[in-house]
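Undergrad: The task is simple: from the sequences and hints, build the whole structure.
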Amino acid sequence: MVRTTPFALDELRRRIAAVPVWYHEMELAPGVVTPGEFDMRPFVGSYGFPASLAGLSAVDVGCSNGFFSFHLESLGAARVVAVELRSVVDHDVPRWYLERELARLGPREIERMNREQLEAGFLLARDALGSGVEFRRHHVYELERAMPAEFDLVFCSNLLHHLRDPVGALENLRAAGKPGARLVLGCPCDLSSDASYAVFAGELEGVTWWTMSRAAILRMCRFAGFEQVEWKGHFEFAPASVPENAGTLGIVHARVPSGA
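The C-terminal residue of the sequence shown carries number 305 in my numbering, and the numbering is unbroken.
It should be emphasised that the hints constitute simulated quantities derived from the structure, not laboratory data.
Be careful, since some hints might not be right.
Derived CB-CB ranges, DEER-like [stated by the list, open to error]:
#1 G177 to F88: 16 to 26 Å
#2 V212 to A291: 21 to 31 Å
#3 R190 to R140: 35 to 45 Å
Beta carbons are placed, not taken as given, at the ideal position from N, Cα and C, and that holds for glycine.
TA: Written as structure tokens, this is what we have:
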């Protein structure tokens, strides 16, 4: 449900157009939709979110422009925290590549990219929706230290394949959940075999480390300490700029052990 925006519609459209990078398409007012590389609106039901999060706390790790953060808030969550990187240079890339990019870009360009890619879309969407979602800057590997056992629901989608250590990331997601907390995880997957494998992709464009099978994702979740790990289904999705690069996103639900 789209809430009443504090902006006049023409002003909102102008502000949307001034944001250079939109990852998610979002409707910020009736009939006013942002551009975006991914339109996840048709797939929200595939994630299996609870019908209500009333009185609960939730975190969206790797929130980008915040589409799912605002959805969790719309389910009635008493508190939602959206987590994004501090800087574009915090992407999990090889050290040699990071050093090269730091030298090539320089601090001013990095500051501009941080503002345009990691802040502008989220902050405008939050203002337009009159949202109370909190915005925090942490790497997924920092969650155990930064927000231990804070949340009733931990959400993360389309992130694990971008990380050199997906099991370490899952351990940090587990640490952010309260005992008994629910994990809702979306992860690109290869469904061509029932075997458990993670193939090294090593693609710098898009920062992709792994192609993972369904069995591997489930085993990683269990290996990271989650219980009641269940595969909830999958769907096909594609980036707007390269629609031929369609992929499969698998959905996993799990629980933080109640004695954690």
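Undergrad: With reference to the structure, classify each hint as holding or not holding.
TA: Status of the hints after comparison with the structure:
no.	hint	result
1	G177 to F88: 16 to 26 Å	holds, 25 Å
2	V212 to A291: 21 to 31 Å	holds, 27 Å
3	R190 to R140: 35 to 45 Å	violated, 22 Å
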